[in-house]
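Colleague: The primary structure of each chain is shown beneath.
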Amino acid sequence: MEWSHDKLIDMLRTMWLIRAFEEKAEELYALGKVHGTMHLSIGQEASAVGAVSALRADDFVLSTHRGHGHCIAKGADLNRMMAEFMGKETGYCRGRGGSMHIADTAGGNLGANGVVGGGLPLAVGVGLGLKMQKRSQIVLCFFGDGAANNGAFHEALNMAAIWKLPVVFLCENNQYAISLSVKKAIAIEHIADRAAAYGMPGITADGNDVLAVHEAVSQAASRAREGAGPSLIESVTYRWRGHSKSDANRYRTRDEIEAWKARCPIQRFTARLIADGTLTEEDADKLRQEAYAVVEAAVAFAESSPEPRLETIEEGVYA
Amino acid sequence: MEWSHDKLIDMLRTMWLIRAFEEKAEELYALGKVHGTMHLSIGQEASAVGAVSALRADDFVLSTHRGHGHCIAKGADLNRMMAEFMGKETGYCRGRGGSMHIADTAGGNLGANGVVGGGLPLAVGVGLGLKMQKRSQIVLCFFGDGAANNGAFHEALNMAAIWKLPVVFLCENNQYAISLSVKKAIAIEHIADRAAAYGMPGITADGNDVLAVHEAVSQAASRAREGAGPSLIESVTYRWRGHSKSDANRYRTRDEIEAWKARCPIQRFTARLIADGTLTEEDADKLRQEAYAVVEAAVAFAESSPEPRLETIEEGVYA
Amino acid sequence: MREITYAEAIREALREEMRRDERVFIIGEDVGVYGGSFGVTLGLIEEFGPQRVIDTPISELGIAGAITGAALIGMRPVGEIMFMDFCTLAMEQLVNQAAKIRFMFGGKATVPFVLRTPAGSGTGAAAQHSQSLENWFVHVPGLKVVMPSTPYDAKGLLLSAIRDDNPVIFVEHKLLYKVKGPVPEDPYTVPLGTAEVKRQGGDITIVATSIMVRRSLEAAERLAHEGIEAEVVDPRTLKPLDEATIIRSVCRTGRVLIVHEACRTGGFGGELAAVIAGSEAFDYLDAPIVRLAGRDIPIPYNRTLEYHSVPQVDDIIAAARRLVHGAA
Amino acid sequence: MREITYAEAIREALREEMRRDERVFIIGEDVGVYGGSFGVTLGLIEEFGPQRVIDTPISELGIAGAITGAALIGMRPVGEIMFMDFCTLAMEQLVNQAAKIRFMFGGKATVPFVLRTPAGSGTGAAAQHSQSLENWFVHVPGLKVVMPSTPYDAKGLLLSAIRDDNPVIFVEHKLLYKVKGPVPEDPYTVPLGTAEVKRQGGDITIVATSIMVRRSLEAAERLAHEGIEAEVVDPRTLKPLDEATIIRSVCRTGRVLIVHEACRTGGFGGELAAVIAGSEAFDYLDAPIVRLAGRDIPIPYNRTLEYHSVPQVDDIIAAARRLVHGAA
Ligand SMILES: Cc1ncc(C[n+]2csc(CCOP(=O)(O)OP(=O)(O)O)c2C)c(N)n1
Ligand SMILES: Cc1ncc(C[n+]2csc(CCOP(=O)(O)OP(=O)(O)O)c2C)c(N)n1
Ligand SMILES: [Mg+2]
Ligand SMILES: [Mg+2]
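Protein chains in written order, with the numbering used here: chain S, 20 to 338; chain C, 20 to 338; chain U, 1248 to 1575; chain W, 1248 to 1575.
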């Protein structure tokens, strides 16, 4: 694959934006400035960025409870995202959704989802609609290793396959569904091997290598766009943080976590770009700093934004 | 495999019992003596008999809406079955269940099921219970090609596989789910190939060859009994009649039906037994006649049986 | 006026709307050449082709997702769940996704679909093919729930439902499919959220839904011979509910009998009773509010037991009589 | 008496029953080392091992099938659905299978399981993790529905539920998990189907469920300062419902306020109102029956909006005051 300089830089920038956003989210949570829960994808940035960067801007994404990365990769405005995270009226969902439901429909992000596997049947509908409307867009549907054991996965992949819908199914296998190791949850090696049950291609990609993910999704996206039907991609990665706000990590070892941290997707990509001369150390550092600055500005925006007014509480249930 | 003479005769007898029962059921329905609906398995007798004859008498069966054959193969009393079909108090379910819900729990038949795929999650529970109770029984779970596209299939096969439960999943692929051809419902050749998605063996058997089905299920049953876990068997067969009571057959051709009728499982098996000297033409004819006589007796029993009393209508909702 | 069946009225609404609006399509199990389990969609695949009349695998959750996702990007799907009992497999998408998306996304998306599904007993299909689960959906903000009792209402309400920008659960009754009634040939709409007084009377208000409207009307005719004039109110849309029409009637009659087929406990009758007992009609009530509903049992197979599982005309007459004559 | 939390009380019931009866086991997502999303099952896998405390994949339908099938052959499973919202994925097995098997099979089988699930809002988890769907289950014959409001009831009702021969839906409230109360160390049972008058008073009857019992008791204390004595009745078991206790109270007070967290429309409050309005208590009613319930909206994320989505103590006080002072 040929990579343009700008595209590579952009990918690294986006990975830093995600990292910075989530570190800040964690901090705000610890400070008691947000309530509810949140699911951090720190360590999985390559998966979100690699996948979404392989789409066209007008393509669609369906995301998950661990969706900040997908949302940022899809080009969300961090101010509105942070405002949503803080429950403000200026947020993407006017503060009604929160971390687990951020949606940027205008930007093609059809929403995070609080239900594991909840986006999979939706992908069938979006794919079907796109096909009926004879549009050239496709939909990329993210889900976790845990979601792959829900009935929704089965029905959605089968329907998308028999109707050759323009869908890319992207399973972020981060080794655990909360505390359940994928090794105990399935009796096979690779989730991608389930693609064969539906007659679609299945690819296992290194989810910590942004270019590998990009390449796998690019192929699947072309296939989908050409009308050849869906694919299943398994992006093998790892979440550094606990499952959600609170998690005593009783189900995994510190060694395991450290081993995966050593494979940090951002550091790996940075090293590569420096090695091949795309970037200097200073450029890289600047990118990182800019990302944190953007996030600080987003917090300032969110904090100065108004709360939803109580009188509006019943608005928007019906159209 | 070694076949005892009695066993072979028994299998043929059971196939005739099923055929006779269902022809009579159809007739009673046409005469307006039963209401509701029914799903006939005429043409699929080898599948039910081949599978259940590979079990021990104390094993369990979970059946489907098209379950008369499974029930008879599991050794049901035809009088009580017919009485249930006619909604009588002497029926297996005291007339509360009808064709779609006949259960003979004492005989190990845990019930037909009105919900496509409804038995699959139950099989997980039965298998789990058997394993926890350290019993040596297994459970055979029937379902159709249509059920294989429901989420229940996916969750059940995965759970049974990871816990190595003593379950044999038997998919009766009769080519259609009502009007939907299996060719349009899945994008692969063999449903049995889906076994690979769960790390269990998958076997496609000729569902019109009673011995082939018997052999496939025997192997799977041994495996299950030894604690090696579940298997998926696809029994390829065909239903001669419409989907249920009424069906204009708009979705298939007369030629197709005739071609399958030419592969009648009972005639094939009879011819084979006569050819290898197990049976004479006369013996075969006698078996057939006896079956129809047993069914006539069952009708007489059912017709002379009392209706449930209205005062008992609310009984049995709670234990 | 021309008389056609309830099933034909529904088919006509589908056909008219599909001709008018190419965003409308049909999706469900065996809705194509088979025409659906009750023949409602017969002939539509011939006119509109398999691209707009889509047969699905037995994947109820998938169907619900398909209509939700397609609606989200501008289509107006009409899904079918073959029996209401199998909505149990689709609840996640209907309740957690379709119903909530608009609110949850801050009002920035709409999910305009109709989900048609046949409910009710009376066909001998037993416990897993006879349920009336409408109150589950009534309980979910974001969904609308429609239950037509006549061919006229079926066509007019379905056109409104398809044109509505919200997810609508459209509950049909199996025993009504073959019932005939006058239906205009041209398109017309019956607005969602408006009840209809199907018969006027001053002695008692019967609020009934779906097939119970028909039975209540028959009961009312017979009650009239005994000098009891029953007013029969058909909410038609369970959510949003036209409370005003119901309350107005009860204020006039002072007696109310609620009739539905669904199991009594936890059913829509509770909602109706609560609406009435919490309203200004309370002061006009001359007798306790009576609910006549399905027994709290799974529907039995046996014909006689099945018949007596849910209210029949005689039961309605008896209940009305007791209520009017004060022996409630 | 020793005080422990609601979560601890549930855990203690599970532990005691698992020690006493080896047919009892626990199954659900992350119920093992993780201890469940709210820590309820913490420590049990250490005592009973992974054979009896079973972590499942994210397969809610499968979990429901696992407990139903195992119960059918003699086990007494306690399943857990991590959030009540995800029961939407398990309804088929719970409603079409577990609830109906006994009746449908002519009384020849039992399905003795308990399905535990946390409901309710207040944790900032938004629309898909905050629902209170108990009335769906109340509407299904064959199921029992339990909703404890105190640690004492939680332990006693759970022991009864596990020993019951029917499928029982056991609805816990997330905000109650950390609430402490007196709980005897020895096993004891609170029988299913018995309400408790949690506070006596003659001016108004408040019938409240789950966390609303607690809020109602607090409201009642404050109302007492204004001279309003509220009787607070906790049904504890929604199905079967102890109608007699509720009716008796209403006959004495003549005024009733129903309080629950679930959305108002189609909720259990309707059932309660209908039971009361259809009973002999009707003649004793001095005012319309008032329902105070969750708003008909998905639960919003924003803390303030979330708080005002469901009844709070001040709302209960205001509603009771209006009812007693006749401005309802
Ligand atoms: C249907 C459903 N069941 C359970 C949950 C609770 N839950 C939230 S996230 C999660 C684990 C998801 O695992 P996976 O799909 O691998 O995604 P990850 O969290 O690892 O990104 C669970 C069980 C849920 N949200 N939805
Ligand atoms: C969950 C569910 N959806 C739909 C139906 C209606 N229905 C009854 S039988 C059937 C087809 C079943 O096909 P298959 O599993 O292949 O079994 P077969 O009838 O061919 O024996 C359908 C759709 C049902 N009973 N349950
Ligand atoms: Mg995971
Ligand atoms: Mg079939």
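Hints listed in this document are in silico derivations from the structure and should not be mistaken for laboratory results. Glycine included, each C-beta is placed from N, C-alpha and C at the ideal position. Be aware that one or more of the hints could be misleading.
[Claimed, not checked] Here are the simulated lysine-lysine pairs, PhoX-like style, with alpha carbons at most 25 Å apart:
#1 C:202 with S:183
#2 S:203 with C:202
#3 C:183 with S:203
#4 S:264 with S:43
#5 S:43 with S:203
#6 W:1355 with S:264
#7 C:150 with W:1445
#8 S:150 with U:1355
[Unchecked claim] Counterexamples of contact, computed for chain U against chain W with all Cβ distances above 10 Å:
#9 1410
#10 1449
#11 1517
#12 1544
[Claimed, not checked] According to the in silico footprint, chain C covers these stretches of chain S (three or more CB under 8 Å from chain C):
#13 37-46
#14 167-173
#15 177-186
#16 205-212
Colleague: Each hint needs a verdict: does it hold in this structure or not?
Modeller: Verification of the supplied hints:
1. C:202 with S:183: holds (14 Å)
2. S:203 with C:202: violated (33 Å)
3. C:183 with S:203: It holds: about 12 Å lies between the C-alpha atoms, which stays within 25 Å.
4. S:264 with S:43: Holds - the C-alpha atoms of residue 43 (chain S) and residue 264 (chain S) are around 13 Å apart, at most 25 Å.
5. S:43 with S:203: violated (33 Å)
6. W:1355 with S:264: The given pair, whose Cα atoms are some 47 Å apart, is violated under the 25 Å limit.
7. C:150 with W:1445: It is violated: about 44 Å lies between the C-alpha atoms, which goes past 25 Å.
8. S:150 with U:1355: holds (23 Å)
9. 1410: holds (23 Å)
10. 1449: holds (21 Å)
11. 1517: The assertion about residue 1517 (chain U) is violated, with a minimum of 3 Å to chain W.
12. 1544: Its Cβ does come within 10 Å of chain W, the nearest being 5 Å, so this is violated.
13. 37-46: violated (count 0)
14. 167-173: With 6 residues closer than 8 Å to chain C, the stretch 167-173 of chain S meets the three-residue bar; holds.
15. 177-186: holds (count 3)
16. 205-212: That given contact holds, which follows from 4 residues of the stretch 205-212 of chain S lying within Cβ reach (below 8 Å) of chain C.
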